[in-house]
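Could you build the full structure based on these sequences and the hints that come with them?
Protein chains in written order, with our numbering: chain L, 1 to 201; chain A, 1 to 201.
Hints were generated in silico from the structure; no laboratory data involved. Treat the numbers as computed from the prediction; the structure is a model and nothing was measured. Backbone N, C-alpha and C fix where the C-beta goes; we use that ideal spot for every residue, glycine too. Watch out, some of these pointers could steer you wrong.
[What the hints assert, rightly or not] Quick list of the computed label-pair ranges, beta carbon to beta carbon:
| # | chain 1 | residue 1 | chain 2 | residue 2 | range |
| --- | --- | --- | --- | --- | --- |
| 1 | A | 175 | L | 123 | 27 to 33 Å |
| 2 | L | 56 | A | 57 | 23 to 29 Å |
| 3 | L | 26 | A | 13 | 30 to 36 Å |
| 4 | L | 73 | A | 148 | 24 to 30 Å |
| 5 | L | 173 | A | 39 | 46 to 52 Å |
| 6 | A | 9 | L | 142 | 53 to 59 Å |
| 7 | L | 6 | A | 31 | 34 to 40 Å |
| 8 | L | 167 | A | 143 | 19 to 25 Å |
| 9 | L | 69 | A | 26 | 31 to 37 Å |
| 10 | A | 72 | L | 26 | 34 to 40 Å |
The residues making up each chain are set out below.
Number of protein chains: 2
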Amino acid sequence: MTVVEDRRSRRTRGALRDALVSLVLERGYAAVTVEDIVAAADVGRATFYTHFKDKEALYDHVVSSVLLDLKERLAEVLAPEDAGFTGEPVAEVFRHATEQPDAYRMILRGEGDGRGLRAFEDAWSTTAHEIFTARVKAHAVRPRVDLQVLARAWVGEQVAVLLWWLDAPEPRPATDQVVETLVELSRRGRFWATGFDPGAR
Amino acid sequence: MTVVEDRRSRRTRGALRDALVSLVLERGYAAVTVEDIVAAADVGRATFYTHFKDKEALYDHVVSSVLLDLKERLAEVLAPEDAGFTGEPVAEVFRHATEQPDAYRMILRGEGDGRGLRAFEDAWSTTAHEIFTARVKAHAVRPRVDLQVLARAWVGEQVAVLLWWLDAPEPRPATDQVVETLVELSRRGRFWATGFDPGAR
DNA sequence: CGAGATCATAGACAGTGTGTCCAGAAACAG
DNA sequence: CTGTTTCTGGACACACTGTCTATGATCTCG
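Put into structure tokens, the structure is as follows:
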């Protein structure tokens with residue numbers, strides 16, 4: 001049985017994950033074969049199929065582990081009562097992305113037919129929608145636009161900037177500065193859109 | 001010679017283009033084989049390769065024809081002296097997208113390894129950057145953020161909303177209303193970012 | 001109408017990658 | 001050392017690719 005969850009297994013899976021990510025970044029998802037992956041991971045081809053059904057399964061594995069982690073951290077950041085609309089969630093996403101930039105690059109570039117990107121956008125726009133909704137309710141104001149559209153637009157913006165930032169040549173522009181920009185854009189645009197402008201006077 | 005540019009040839013290419021687009025929307029790019037395409041287009045397999053080197057070549061053909069057309073129209077809209085920053089370019093993209101929604105859906109979803117989406121974003125963000133730059137210069141103001149980032153963010157927003165709109169169930173929200181929202185968001189966010197706010201008082 | 005050009009077609013071909021299976025080697029825990 | 005689990009290379013049938021050839025279909029223009 002897998003009572004012990006053999007270390008070997010963990011190491012193999014890890015090697016395969018890393019191999020996939022770096023190869024995909026190098027040549028693009030479609031151009032990477034299972035052979036390439038096992039070669040890079042220094043693993044037998046047969047072994048691959050004992051761990052994952054597919055190249056796609058491995059890809060999904062990478063995506064979901066990244067996203068699970070991110071969601072947990074966002075939940076923490078958003079736990080406090082009126083945490084919405086501050087820059088914290090945005091900053092947290094940026095921080096998380098720097099910890100595993102390659103996986104993020106792969107996902108946000110839409111590699112692997114874009115499933116990963118879509119998953120990311122869905123998760124993030126759901127969060128965004130919740131933030132907007134909570135804030136609108138808390139301040140008893142009427143949104144001027146569909147909050148769903150607003151969330152989509154917001155996430156599209158975030159993703160674009162995050163990707164730009166990840167792909168920027170070293171040394172990268174300071175995280176805090178970029179985050180600040182995004183937050184400030186939200187102030188002027190999003191706050192208005194939700195009929196709530198904390199900066200108004 | 002192809003002096004006459006035989007009508008047959010045009011029809012065949014058109015049929016292949018349409019077949020690709022609809023099949024990709026149905027099953028995703030990777031799951032579509034050349035066999036599928038020629039079957040849907042009611043064309044022999046050998047014929048395919050006399051017109052296109054590849055499935056990729058056909059895909060690129062679709063993308064570039066869509067983009068060429070769009071760029072021309074944008075150029076017209078932007079021709080007038082101070083056309084920048086009005087809602088016209090945005091509206092034009094939306095209009096163009098309704099004329100060939102399937103091709104746009106395919107491209108914006110990032111099908112085909114995302115090359116099409118990247119081409120679209122590059123073209124559009126270049127335009128956006130020009131608009132911002134021109135406006136900043138015309139009003140002799142100092143931008144508060146990197147205009148490149150601003151353009152990226154803006155385009156990310158546009159793409160997200162455009163895709164949301166294209167995928168919305170019929171009857172779709174009125175184009176004009178969505179466009180208006182995007183333009184208004186630009187007012188509050190982008191105008192501020194470029195240090196130029198026509199609505200300020 | 002008929003000759004000449006152009007385009008479309010079916011079928012065969014080797015090449016590459018896939019996913020499955022097996023029997024044996026290697027690594028590990030107790 | 002023993003038994004369990006994981007890893008391994010090699011073999012297999014299968015699917016899709018891209019190229020080629022010989023033949024048939026369709027159009028143009030005199």
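Hints, verified against the model:
no., hint, result
1, 175/A to 123/L: 27 to 33 Å, "holds, 28 Å"
2, 56/L to 57/A: 23 to 29 Å, "holds, 25 Å"
3, 26/L to 13/A: 30 to 36 Å, "holds, 33 Å"
4, 73/L to 148/A: 24 to 30 Å, "holds, 29 Å"
5, 173/L to 39/A: 46 to 52 Å, "holds, 50 Å"
6, 9/A to 142/L: 53 to 59 Å, "holds, 57 Å"
7, 6/L to 31/A: 34 to 40 Å, "holds, 35 Å"
8, 167/L to 143/A: 19 to 25 Å, "holds, 21 Å"
9, 69/L to 26/A: 31 to 37 Å, "holds, 33 Å"
10, 72/A to 26/L: 34 to 40 Å, "holds, 36 Å"
Of the numbered hints stated above, none is contradicted by the structure.
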